[in-house]
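> Chain residues, written in single-letter form:
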Amino acid sequence: MRITEIAGVKSKFAVQSGLQQLLAFGSLILLIIFFSIASSNFFQFSNLVGILLSTAVIGVLALGSTFVIVTGGIDLSVGTVMTLCSVMTGVFIAMWGLPVWVGIVGGLLTGAVCGFMSGLAIARLGIPPFIATLAMMMIAKGLALVISGTKPIYFTETPVFMKLSQGSLLGDIIPGFDIPNAVLVFFLAAIIGSVLLSRTIVGRYNFAIGSNEEATRLSGVNVRNWKIAIYSITGLFTGVAGILMASRLNSAQPSLGMGYELEAIAAVVIGGTSLSGGKGTIIGTVIGALIMSVLTNGLRILSVPPEWQTVVVGFVILLAVYADNLRRRKA
Amino acid sequence: MRKGLSILLLAVVMVISACGSNGNGGNNVNGGNEPAVTNKPTEETSNGVTDAPAEKMYIPLVSKGFQHQFWQAVKSGAEKAAAELNVDITFEGPETESQVDKQLEMLQVALDKKPSAIGFAALDSQASIPLLQKAKDAGIPVIAFDSGVDSDIPTSLVTTDNLAAAGMAADKMSELIGGEGEVAVIVHDQTSRTGIDRRDGFVNRMKEQYPNIKIVDIQYGGGDHLKSTDLAKAMMQAHPNLKGFFGANEGSAIGIINAVTEMKAEGKITVIGYDSGKAQIDAIKSGLMAGAISQNPVGIGYETVKAAVAASKGETVAAKIDSGFVWFDKTNIDSEEVKAVIYE
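Keeping their order, the protein sequence lines are chains R and F.
Quick note: to get my numbering, add 8 to the position in the first sequence (first position is 1).
Quick note: to get my numbering, add 252 to the position in the second sequence (first position is 1).
Bound conformation, chain R alone (with noise of 0.2 Å):
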């Protein structure tokens, strides 16, 4: 009975984020076609392969939020968290010479880690998820200094690791369908993460506890363990976005970081997903922070000054929280 009626609930949100969905992707879809009336150097594959390319990070670290979002929770340690895996990568490939596959290994531990950490406090230990996931967010920043020694560490002894984000598979098996490899990696998280949220029982329960905490542990669910399972996927999700970022720059930068975090969830939000927890989708997710990529893009190729760029994307997110609210008012 129990299960029926989560599942119940959860097909009155389907329908509802379809919706949402179709207005999110429309506005992407309105956005690429003003953009590339407004320039004929935007519609173009190199471009739209530079859009896709710079959403990856963003976009993987979104999804990851996207977990958290859902049990109305939230990440604020995704960004810097994400730089400490990419240092703990760069420690276990370029300082200890590790095979590539181990660093990688360590990188997305060392996100699962953090994200099991933050998902203790709040659930074991009562913490609030933003002041705990805030404590992790200096704690990883921290962390990602003192390792390093506060210097970059580069990977140029290991060429391979920067063929994971820069290099194509695509392209080696259709010439001059050069899809870096960092896009693929970001669509095969999203699917992973489409069927973890919507196929599996982490994501029922994921909405179960955003819907209603209390009446999903009084049906017997064991909501603490349940919570940290899911603050350590997004943990995993944050390792991914660490590699892919150390890859992209063939080198751990350590002091970067911070603010990625607040993008990723301006991306979740675009697409859909409430804060108030309970609904949200991964496809959402990813039509968030596509459209969060195409806006900068276009932006700078119409050099709009930079100062104005930003004001926009604060508009946007504005405009597109608004359009969520009305259409719940009317649903």
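Keep in mind that the hints are not guaranteed to be accurate.
Only pairs whose alpha carbons sit at most 30 Å apart, straight line, appear in this in silico DSS-like list of lysine-lysine [unchecked claim]:
#, chain 1, residue 1, chain 2, residue 2
1, F, 365, F, 354
2, F, 516, R, 171
3, F, 354, F, 366
4, F, 354, R, 171
5, R, 171, F, 495
6, R, 159, F, 582
The hints are simulated quantities; they were obtained by calculation from the structure and are not laboratory data.
Starting from the structure of chain R, add chain F where the hints point.
Relative to the frame of chain R, chain F by itself:
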């Protein structure tokens, strides 16, 4: 469970405090070790500092940051001077270059320690003046480094002439692209003194001397490598005829290099950078980047401490000390002159 947790917390606190005291020991450059050296008695007596470290001068340096390689190089220069002159220094700065308030707190704490002199790299040219006035009233000489303040309180300013340095970048750009064509610029920000001076130095020189070169776009990447990369790609997309690209600090320059590689435009665009760092050095060696302007961060740190010691002894110090800059490219990157100022 609860007891275990409190023990864990206690352990963490102890480890952190232990690290903290270690860190302080590391920052106090001459911390205790120097007097123990017995085989150089002549030098010590000639300086007249044979006695306990209590008589040593203490000079705190409040910098704009500590994370970037640039500031680490400034710190190493300051430490070098401190070792030579046998004084104690500390070097600290806020996490990001926008935390003006945090920097003021650091300055306040530094003043409270009653130092012999103080080195200060202002994040904001106005905000620190009341505190500097206090220093003046207490008779503590202030040496400004890297960026000045809008006041005559500092005894001296040790800095790079960024306008002249960026002007030189413009000269080199014109030379390399044959005196005509489209050029774009990425600067770290539009509000800091260095950002403004480097942009204006480059742009003004182009306007005055090279009328056939057109600066088609100036954008700001916050010094963030990743954002500067995407920014540079968009700019190259918008201006397909771009012949030259100038990055006004390390992050901006690396972003441009990444963009050129990703867009497979190697050899088509002449890239000029600023500051150094391993990525820029490698790019210059491989030919991806034509060359870069380097300030002399080690010299900034060194001259600051030297001027601070002189000022606290009441000696006269020049009001402005130019720490210099150099142009480096493939041909001179291994020379001693360049090696002394660039850092990995």
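> Does each hint hold? Answer for all of them.
Hint check:
1. F:365 - F:354: Roughly 17 Å separates the two Cα atoms, so the pair holds.
2. F:516 - R:171: Holds, because 15 Å separates the two Cα atoms, which is no more than 30 Å.
3. F:354 - F:366: Roughly 20 Å separates the two Cα atoms, so the pair holds.
4. F:354 - R:171: violated (40 Å)
5. R:171 - F:495: holds (28 Å)
6. R:159 - F:582: holds (24 Å)
Checked against the numbered hints above, the structure violates only hint 4.
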